[in-house]
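Following the hints, put chain A in place on chain U, whose structure we already have.
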Amino acid sequence: MDEVDRKIIAATQDGLPLTPSPYATIAEEIDESEDIVMERVQSMLDSGAIRRIGIIPNHYKLGFKANGMTVWNLSDTLIDELGDKIGQLESVSHCYQRPRHLPDWPYNLFAMVHGKTRNEVLRKAEEIKSLLGDAVDGHDILFSRQILKKSGFRLQQADKPKTEVV
Amino acid sequence: MARKTKEINIDRVNRTLINMLQGGFPISKRPYLEVANQLGISENELLWRLDIMKTDGIYSRFGPLYNAAALGGAVTLAAMRIPEERFDEVVNLVNAHSEIAHNYEREHYYSPTLFNMWFVISTENSEDIKVVISKIEKETGITVYNMPKQKEYFLELKLKV
Numbered sequence: 001m002d003e004v005d006r007k008i009i010a011a012t013q014d015g016l017p018l019t020p021s022p023y024a025t026i027a028e029e030i031d032e033s034e035d036i037v038m039e040r041v042q043s044m045l046d047s048g049a050i051r052r053i054g055i056i057p058n059h060y061k062l063g064f065k066a067n068g069m070t071v072w073n074l075s076d077t078l079i080d081e082l083g084d085k086i087g088q089l090e091s092v093s094h095c096y097q098r099p100r101h102l103p104d105w106p107y108n109l110f111a112m113v114h115g116k117t118r119n120e121v122l123r124k125a126e127e128i129k130s131l132l133g134d135a136v137d138g139h140d141i142l143f144s145r146q147i148l149k150k151s152g153f154r155l156q157q158a159d160k161p162k163t164e165v166v
Numbered sequence: 167m168a169r170k171t172k173e174i175n176i177d178r179v180n181r182t183l184i185n186m187l188q189g190g191f192p193i194s195k196r197p198y199l200e201v202a203n204q205l206g207i208s209e210n211e212l213l214w215r216l217d218i219m220k221t222d223g224i225y226s227r228f229g230p231l232y233n234a235a236a237l238g239g240a241v242t243l244a245a246m247r248i249p250e251e252r253f254d255e256v257v258n259l260v261n262a263h264s265e266i267a268h269n270y271e272r273e274h275y276y277s278p279t280l281f282n283m284w285f286v287i288s289t290e291n292s293e294d295i296k297v298v299i300s301k302i303e304k305e306t307g308i309t310v311y312n313m314p315k316q317k318e319y320f321l322e323l324k325l326k327v
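Respectively, the protein sequence lines represent chains U and A.
Under this note's numbering, the first residue of the first sequence is numbered 1, with each subsequent residue one higher.
Under this note's numbering, the first residue of the second sequence is numbered 167, with each subsequent residue one higher.
Pulled out of the complex, with its shape left as it was, chain A reads as follows:
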């Protein structure tokens, strides 16, 4: 059976699964069975669907989502302004740090792009954030603009598919 990896066809069951599984997964001896029963499918089918969706990249992770701050660590968002000709070099230098959890190239819409790289630093010990920033600045020669969250207004990652 030929599979187009570019156009992923998410069927009705998978859609429902994605909507259902964004929070509240049970902590019990047979949690998948419980969810499968709610959906009207077998436990096997549920596990198989999750496995395939993971392989197809429909989701990046399924499991406990850890809050670094609550574990004594820290998370911050930082930005850098990288000259075009050094982009790949700097991306590789930054990504090499295991504390870089996410990294995106971005462009401004209404004004000329100032910061073209935005990344999340996530550390086990909160003091390590400035250590990582300092290392990146030394390695790249580029200033890191630290933008930690001062207030969170609502963290709800419900994506309705």
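Just chain U, with the same shape it has in the complex:
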């Protein structure tokens, strides 16, 4: 990541400008050409530095009021195979293997499930449970009660990050 990339990242931390030629707007702001900006953005997209250019919807405002982080204690030998299966489910928005913290925290698979109601999330969790069968030895669901902060990745020298407290 060089200086030009850094300037682009800093200029887009709060999002893409809502102007007819957003890449030109960024270019003007950082004193580079529109072509260079588009080239660098494409490059970062290709390398995975940019996951995607898109919208982060606010689940809660869109009626998906229940946000359940389902956690599972899965057999270590089967977790990869099962993790892949769970990750493919439409109801699961992200799925990760994470370390246990024994004895209090035995869970090693985390699957985020959204729903309009908690019941919907519970139903989707049951679906996951049946898929896992005997490989699971305990699970739980952690529902969100409050968003305490939601500001995203910030570069160090950027302005004070926005916070959203509900």
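Simulated from the structure, these hints should not be mistaken for lab results.
Nothing here was measured: the structure is a model prediction, and the numbers come from that model.
Beta carbons: idealized from backbone N, C-alpha and C, even for Gly.
Please note that the accuracy of each hint is not assured.
Unchecked claim - Interface residues of chain U toward chain A, partial, derived using beta-carbon atoms under 7 Å: (1) M1; (2) A10; (3) P57; (4) K150.
What the hints assert, rightly or not - The calculated EDC-like cross-link candidates involving lysine to aspartate or glutamate, where the alpha carbons are at most 16 Å apart (straight line), are: (5) A:K317 with U:D80; (6) A:K315 with U:D80; (7) U:K150 with A:E271; (8) A:K195 with U:E28; (9) A:K220 with U:D14; (10) U:K65 with A:E271; (11) A:K326 with U:E32; (12) A:K195 with U:E32; (13) U:K7 with A:E290; (14) U:K65 with A:E273; (15) A:K317 with U:D84; (16) U:K65 with U:E120; (17) A:K195 with U:E90; (18) U:K61 with A:E318; (19) A:K317 with U:D134; (20) A:K317 with U:D76; (21) A:K195 with A:D177; (22) U:K85 with A:E318; (23) A:K315 with U:D84; (24) U:K61 with A:D177; (25) U:K129 with U:E81; (26) U:K129 with U:D84; (27) U:K85 with U:D134; (28) A:K315 with U:D76; (29) U:K7 with U:D31; (30) U:K7 with U:E34; (31) A:K326 with U:E90; (32) A:K304 with A:E255; (33) A:K195 with U:E34; (34) U:K7 with U:E39; (35) A:K195 with U:E39; (36) U:K7 with U:E28.
Said to hold, decoys possible - Far from chain U, by Cβ distances over 10 Å, these chain A residues were calculated: (37) G206; (38) E250; (39) E255; (40) E293.
Frame of chain U, contents of chain A only:
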């Protein structure tokens, strides 16, 4: 025109927009025009809709979503067990760190709540994760349980509205 901020009415066009814009936005000289054409609306209307939805909080961000790890940084998920009477105090201490990207209060469903605060730490340099954790532990006197992702099974944030 009175507006109820609690009940947001997302019309058909906005729904389609939200579904369409979750990935693959063009990198071109008139990207909004391209998307507007696909939707059958004007470029102006598209920009106006995005502006209003942002103001109404229907979406939190629209733009390039950066992968901290690919940029040489790191992201991790961490949890803490905060006694009820110290909750607000600790939340403020943790949130004060700019590296805290997201922070949620959670409760367990099937068992008594063990970890009631879950947060994502996102740093520009990967070594800084443990520095931030160490600072938080010193400032709050509470252990931070670090739960970095060891494997990602599928990261797809498609929310169909």
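Keeping to a limit of 16 Å between CA atoms, is the pair of K7 (chain U) and E290 (chain A) held or broken? Within the cut-off at roughly 14 Å; holds.
Is K315 (chain A) within 16 Å of D80 (chain U), Cα to Cα? holds (13 Å)
Below or equal to 16 Å on CA atoms is what counts here, so check K7 (chain U) against E28 (chain U). holds (11 Å)
Under the criterion that the straight-line Cα-Cα distance not exceed 16 Å, is the pair K315 (chain A), D76 (chain U) satisfied? Distance of about 15 Å is within 16 Å: holds.
Is K150 (chain U) within 16 Å of E271 (chain A), Cα to Cα? Measuring from Cα to Cα gives roughly 12 Å; hence the hint holds.
Take a quick look at whether K326 (chain A) and E90 (chain U) sit within 16 Å of each other, Cα to Cα. holds (10 Å)
Tell me if the straight-line CA distance from K317 (chain A) to D76 (chain U) falls inside 16 Å. holds (12 Å)
Regarding the pair K315 (chain A) and D84 (chain U), is the alpha-carbon distance no greater than 16 Å? With a Cα-Cα distance of about 14 Å, the restraint between K315 (chain A) and D84 (chain U) holds, given a limit of 16 Å.
Holds or violated: K129 (chain U) and D84 (chain U), Cα atoms, limit 16 Å. holds (14 Å)
Taking only the CA atoms, is the gap from K85 (chain U) to E318 (chain A) under or equal to 16 Å? holds (12 Å)
Hint consistency between K61 (chain U) and E318 (chain A) [alpha-carbon to alpha-carbon, up to 16 Å]: Given that 16 Å is the threshold and the Cα spacing comes to 27 Å, the pair is violated.
Are K317 (chain A) and D84 (chain U) close enough, with their CA atoms no more than 16 Å apart? holds (10 Å)
Hint compliance for this structure: hints 2, 11, 17, 18, 19, 21 are broken, all remaining hints hold.
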